[in-house]
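All chains, full assembly: derive it from the sequences and hints.
Number of protein chains: 2
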Amino acid sequence: MRFEITTEYIQQLRDVIERGDEARAKEIIEALHPADIAEIYDELNLEEARFLYLLLEPETAADVLVELEEDDRKKIIRILPSEVIAHQFIDNMDSDDAADVIGLLEDEKQEEVLLHIEDVEQAGDIVDLLHYDEDTAGGIMAKELIQVNENWTVLTCISEMRRQAEDVDEVYYVYVVDDDDVLKGTLSIKKLITNNESTKIRDIYSDDLISVKTDTDSEEVANIMDKYDLVAIPVVDPIGRLVGRVTIDDAVELIREEAEKDYQMVSGITQDVESTDTVWILTKARIPWLLIGLVGGVLGAQVIGAHEHELGEFPQLALFFPLVAAMAGNVGVQSSSIIVQGIANNSIGRESIWRKLLKELGVAFLNGVVLSSLIFLYNTIFSDSYALTQTVSISLFAVIIFASLFGTIVPLTFNRFKIDPALATGPFITTINDIMGIVIYLSIGKVLFGF
Amino acid sequence: MRFEITTEYIQQLRDVIERGDEARAKEIIEALHPADIAEIYDELNLEEARFLYLLLEPETAADVLVELEEDDRKKIIRILPSEVIAHQFIDNMDSDDAADVIGLLEDEKQEEVLLHIEDVEQAGDIVDLLHYDEDTAGGIMAKELIQVNENWTVLTCISEMRRQAEDVDEVYYVYVVDDDDVLKGTLSIKKLITNNESTKIRDIYSDDLISVKTDTDSEEVANIMDKYDLVAIPVVDPIGRLVGRVTIDDAVELIREEAEKDYQMVSGITQDVESTDTVWILTKARIPWLLIGLVGGVLGAQVIGAHEHELGEFPQLALFFPLVAAMAGNVGVQSSSIIVQGIANNSIGRESIWRKLLKELGVAFLNGVVLSSLIFLYNTIFSDSYALTQTVSISLFAVIIFASLFGTIVPLTFNRFKIDPALATGPFITTINDIMGIVIYLSIGKVLFGF
Numbered sequence: 001m002r003f004e005i006t007t008e009y010i011q012q013l014r015d016v017i018e019r020g021d022e023a024r025a026k027e028i029i030e031a032l033h034p035a036d037i038a039e040i041y042d043e044l045n046l047e048e049a050r051f052l053y054l055l056l057e058p059e060t061a062a063d064v065l066v067e068l069e070e071d072d073r074k075k076i077i078r079i080l081p082s083e084v085i086a087h088q089f090i091d092n093m094d095s096d097d098a099a100d101v102i103g104l105l106e107d108e109k110q111e112e113v114l115l116h117i118e119d120v121e122q123a124g125d126i127v128d129l130l131h132y133d134e135d136t137a138g139g140i141m142a143k144e145l146i147q148v149n150e151n152w153t154v155l156t157c158i159s160e161m162r163r164q165a166e167d168v169d170e171v172y173y174v175y176v177v178d179d180d181d182v183l184k185g186t187l188s189i190k191k192l193i194t195n196n197e198s199t200k201i202r203d204i205y206s207d208d209l210i211s212v213k214t215d216t217d218s219e220e221v222a223n224i225m226d227k228y229d230l231v232a233i234p235v236v237d238p239i240g241r242l243v244g245r246v247t248i249d250d251a252v253e254l255i256r257e258e259a260e261k262d263y264q265m266v267s268g269i270t271q272d273v274e275s276t277d278t279v280w281i282l283t284k285a286r287i288p289w290l291l292i293g294l295v296g297g298v299l300g301a302q303v304i305g306a307h308e309h310e311l312g313e314f315p316q317l318a319l320f321f322p323l324v325a326a327m328a329g330n331v332g333v334q335s336s337s338i339i340v341q342g343i344a345n346n347s348i349g350r351e352s353i354w355r356k357l358l359k360e361l362g363v364a365f366l367n368g369v370v371l372s373s374l375i376f377l378y379n380t381i382f383s384d385s386y387a388l389t390q391t392v393s394i395s396l397f398a399v400i401i402f403a404s405l406f407g408t409i410v411p412l413t414f415n416r417f418k419i420d421p422a423l424a425t426g427p428f429i430t431t432i433n434d435i436m437g438i439v440i441y442l443s444i445g446k447v448l449f450g451f
Numbered sequence: 001m002r003f004e005i006t007t008e009y010i011q012q013l014r015d016v017i018e019r020g021d022e023a024r025a026k027e028i029i030e031a032l033h034p035a036d037i038a039e040i041y042d043e044l045n046l047e048e049a050r051f052l053y054l055l056l057e058p059e060t061a062a063d064v065l066v067e068l069e070e071d072d073r074k075k076i077i078r079i080l081p082s083e084v085i086a087h088q089f090i091d092n093m094d095s096d097d098a099a100d101v102i103g104l105l106e107d108e109k110q111e112e113v114l115l116h117i118e119d120v121e122q123a124g125d126i127v128d129l130l131h132y133d134e135d136t137a138g139g140i141m142a143k144e145l146i147q148v149n150e151n152w153t154v155l156t157c158i159s160e161m162r163r164q165a166e167d168v169d170e171v172y173y174v175y176v177v178d179d180d181d182v183l184k185g186t187l188s189i190k191k192l193i194t195n196n197e198s199t200k201i202r203d204i205y206s207d208d209l210i211s212v213k214t215d216t217d218s219e220e221v222a223n224i225m226d227k228y229d230l231v232a233i234p235v236v237d238p239i240g241r242l243v244g245r246v247t248i249d250d251a252v253e254l255i256r257e258e259a260e261k262d263y264q265m266v267s268g269i270t271q272d273v274e275s276t277d278t279v280w281i282l283t284k285a286r287i288p289w290l291l292i293g294l295v296g297g298v299l300g301a302q303v304i305g306a307h308e309h310e311l312g313e314f315p316q317l318a319l320f321f322p323l324v325a326a327m328a329g330n331v332g333v334q335s336s337s338i339i340v341q342g343i344a345n346n347s348i349g350r351e352s353i354w355r356k357l358l359k360e361l362g363v364a365f366l367n368g369v370v371l372s373s374l375i376f377l378y379n380t381i382f383s384d385s386y387a388l389t390q391t392v393s394i395s396l397f398a399v400i401i402f403a404s405l406f407g408t409i410v411p412l413t414f415n416r417f418k419i420d421p422a423l424a425t426g427p428f429i430t431t432i433n434d435i436m437g438i439v440i441y442l443s444i445g446k447v448l449f450g451f
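Chains as they are written, first to last, in this note's numbering: chain A, 1 to 451; chain B, 1 to 451.
Don't read these hints as lab results, they were simulated from the structure. Note that this is a predicted model, so its numbers are computed, not measured. Some hints here could point you the wrong way.
Since the list can't tell identical chains apart, any single copy or any two copies may satisfy a pair.
What the hints assert, rightly or not - Below, in silico cross-link-like pairs of lysine to aspartate or glutamate (DMTMM-like), each with a Cα-Cα straight-line distance of 25 Å or less:
no., residue 1, residue 2
1, Lys227, Glu257
2, Lys227, Asp91
3, Lys190, Asp229
4, Lys184, Asp42
5, Lys261, Asp272
6, Lys359, Glu69
Okay, structure coming up:
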């Protein structure tokens with residue numbers, strides 16, 4: 001029933017393609033879900049993919065296109081003539097997917113494709129959708145939905161729905177509007193099938209309505225759908241008229257993307273990459289943060305270099321550079337990532353920044369006491385320099401306090417100034433904390449060693 | 001239409017509670033969605049929450065309970081008598097939520113609550129559900145669904161659906177079974193409303209069916225629903241009989257949780273915590289990784305300590321300890337997190353481990369050449385020791401290569417042995433790479449400085 005791609009399966013398919021056996025290849029892919037075909041495409045080279053693609057029915061081809069990664073989609077769409085794009089793909093897509101595809105083209109080609117679309121209503125919907133910013137509800141909504149008038153009866157409603165349902169893939173909710181198309185509420189399928197045919201919609205619809213505006217941020221749309229467990233949410237214009245709906249599959253994609261972005265930020269990767277990307281793309285995504293780390297390392301070297309003379313005298317001071325720097329980095333990443341995650345999933349709480357810092361101070365204090373005591377114990381046993389023992393413990397404590405507070409303040413500040421707080425995690429925090437760790441360590445060493 | 005909690009709003013509500021103004025408080029919360037009430041609860045103290053909770057209608061109280069964080073839910077459920085739990089909550093919940101709630105209780109109390117449930121069918125469903133492992137499809141599915149027999153007509157089907165729909169919150173799909181309850185396919189609402197009343201279900205249902213087994217891993221269930229854009233997925237027993245369905249809201253929760261877990265791992269946090277948790281919980285979640293970091297730092301100190309004499313002679317060597325250690329850490333985290341993410345979202349590709357390592361080697365080589373050249377340039381200009389210039393550049397290059405390969409191999413190996421690969425990200429990789437960085441740096445320094 002379900003399908004799992006194995007190396008053997010791909011090899012088999014490749015053999016079929018190599019033999020040019022169209023009939024067998026068609027048989028194989030016709031049994032598959034478009035999402036599976038898209039997954040197979042990832043494993044084939046361009047020639048092989050092209051061979052398979054030409055065997056697909058237009059409707060399946062459109063579905064597969066929607067499922068492909070944006071890069072692959074671009075490759076296909078850019079080499080096809082406008083007419084083929086319009087008839088093969090756009091005519092077979094929901095308006096939101098169609099707008100996404102057309103959005104990938106250059107302005108001139110966009111117009112050409114639009115002129116080739118046969119269904120004028122579809123073309124109009126796409127033009128409407130292209131106006132919205134892609135990070136808003138308007139940019140991710142589809143125009144296809146089922147709407148009924150509050151003055152209709154269940155019977156009229158069902159026959160109207162039959163007509164409208166032609167264009168809609170899945171009916172989750174029926175939206176109820178007034179004569180001016182202003183959204184009044186929703187009618188659940190359950191209500192519809194459990195009520196009498198002559199019942200007025202006005203009497204059975206639910207006005208307990210959660211909707212978003214066309215300019216609502218798309219991430220917020222996803223969070224609202226998640227919070228209220230909605231599979232679709234209606235989108236209204238500034239005067240409340242129903243203009244579209246966002247479905248849960250798009251919201252899930254947004255939630256995943258957002259989580260991946262934050263994950264990559266904290267790991268020091270600046271672009272959305274996958275292990276299957278090319279060496280060049282992977283390097284480009286990774287080197288920016290490494291450069292920041294390098295600059296941080298150089299600054300650290302300068303701080304230490306300013307004490308080179310003292311180091312010659314007390315070389316044992318150098319033993320704990322990596323420890324202090326690493327702890328500062330680890331603590332900072334922990335602090336900042338808790339804040340970033342709290343902001344991302346809206347669980348940050350409404351307590352003031354001062355209370356957050358106070359709490360963080362509490363955590364840092366506990367961690368600091370435990371870790372500093374342990375390292376004090378270690379050095380008391382294994383080191384013969386009491387000055388070193390003191391320096392390491394005191395500075396480790398100070399560093400943990402500093403790194404915790406810094407790791408808390410920076411993402412909160414970023415967020416206040418509308419900068420993505422996730423930028424403040426990972427290598428950024430680590431690098432600054434590394435340097436500050438060394439500065440604190442050497443400053444305390446200065447006092448205790450008396451240099 | 002939507003609702004946002006503000007500090008003022010909470011303050012207002014608190015005032016009402018303090019005045020003991022039940023009527024006004026009831027008015028306020030009755031206007032809210034259960035998910036919002038649950039969010040407000042997070043902001044109140046236990047006394048205030050209790051005051052509000054007692055004002056809720058049983059059905060709303062049940063919904064709010066479902067929306068609460070597990071810790072808070074436990075607190076409420078553990079202090080209530082079995083009878084109240086059964087009548088107030090369980091009778092008003094879907095079977096999956098009910099099983100989750102009962103699962104929080106101790107064995108003895110579970111039985112008591114089950115005996116108090118009035119609806120025997122509901123009690124039976126819950127007992128069934130409690131048998132399944134909570135990380136499987138069986139553990140997250142609900143028993144409530146709408147099923148019709150393939151031999152019925154659309155008319156019988158609709159009247160049967162009316163009866164069944166009483167128990168089901170949302171109708172997304174109608175499942176079609178044969179006389180033995182074996183799942184045959186699905187019937188979309190669209191098909192149902194666009195077909196004639198006398199049409200046989202057998203002729204209109206879709207047998208293009210995606211289902212999971214009761215023992216399918218719950219994360220896999222979520223991934224399948226995401227991949228195929230499903231809002232609900234049927235669950236079958238080993239002989240294919242329909243036993244339940246998983247809805248998208250549960251899948252979204254799983255996807256979010258999984259993403260958060262990986263995010264926390266890479267940030268060095270070992271438990272699922274939020275910034276609103278207590279200082280104690282936050283400390284417990286953070287200190288394990290810091291201890292590992294501390295041990296790593298101590299090992300690093302020992303490696304350096306073995307060269308203390310040479311350091312006294314060439315103190316400038318110490319300048320680049322933090323740089324080398326930090327770069328090793330950063331590179332390792334990048335490599336491992338790309339692998340972990342690939343494993344998590346199934347995009348890891350089916351190429352062999354050797355090809356993956358070869359690609360990673362390519363990325364490491366490019367990064368290494370760029371970063372080593374830059375630091376070579378820096379040292380050529382600012383350092384008067386050619387041996388140091390060479391040591392830093394060569395060891396930085398070697399460290400980047402090592403950390404990249406190590407960061408790739410470890411999560412892949414963990415995954416092969418069924419250990420969560422996310423464990424191999426963050427502080428674990430950083431710590432080992434830190435030490436190895438110092439070892440490589442000092443080994444190369446040994447040769448070039450000739451000590």
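A quick look at each hint next to the structure:
1. When the C-alpha separation of Lys227 and Glu257 is checked against a cutoff of 25 Å, the pair qualifies both within a copy, at 18 Å, and between copies, at 14 Å.
2. Taking CA atoms no more than 25 Å apart as the test, Lys227 paired with Asp91 passes between copies only; the shortest distance there is 23 Å, against 34 Å inside one copy.
3. Taking the shortest Cα distances, Lys190 and Asp229 sit within 25 Å of each other both inside one copy (17 Å) and across copies (22 Å).
4. For a Cα distance limit of 25 Å, the shortest separation of Lys184 from Asp42 qualifies neither inside one copy, at 45 Å, nor across copies, at 31 Å.
5. For a Cα distance limit of 25 Å, the shortest separation of Lys261 from Asp272 qualifies both inside one copy, at 7 Å, and across copies, at 19 Å.
6. In this homomeric assembly, Lys359 and Glu69 come within 25 Å of each other (Cα to Cα) only across copies, at 21 Å, whereas the closest approach inside a single copy is 43 Å.
Hint check: a violation occurs at hint 4 only; the rest are consistent with the structure.
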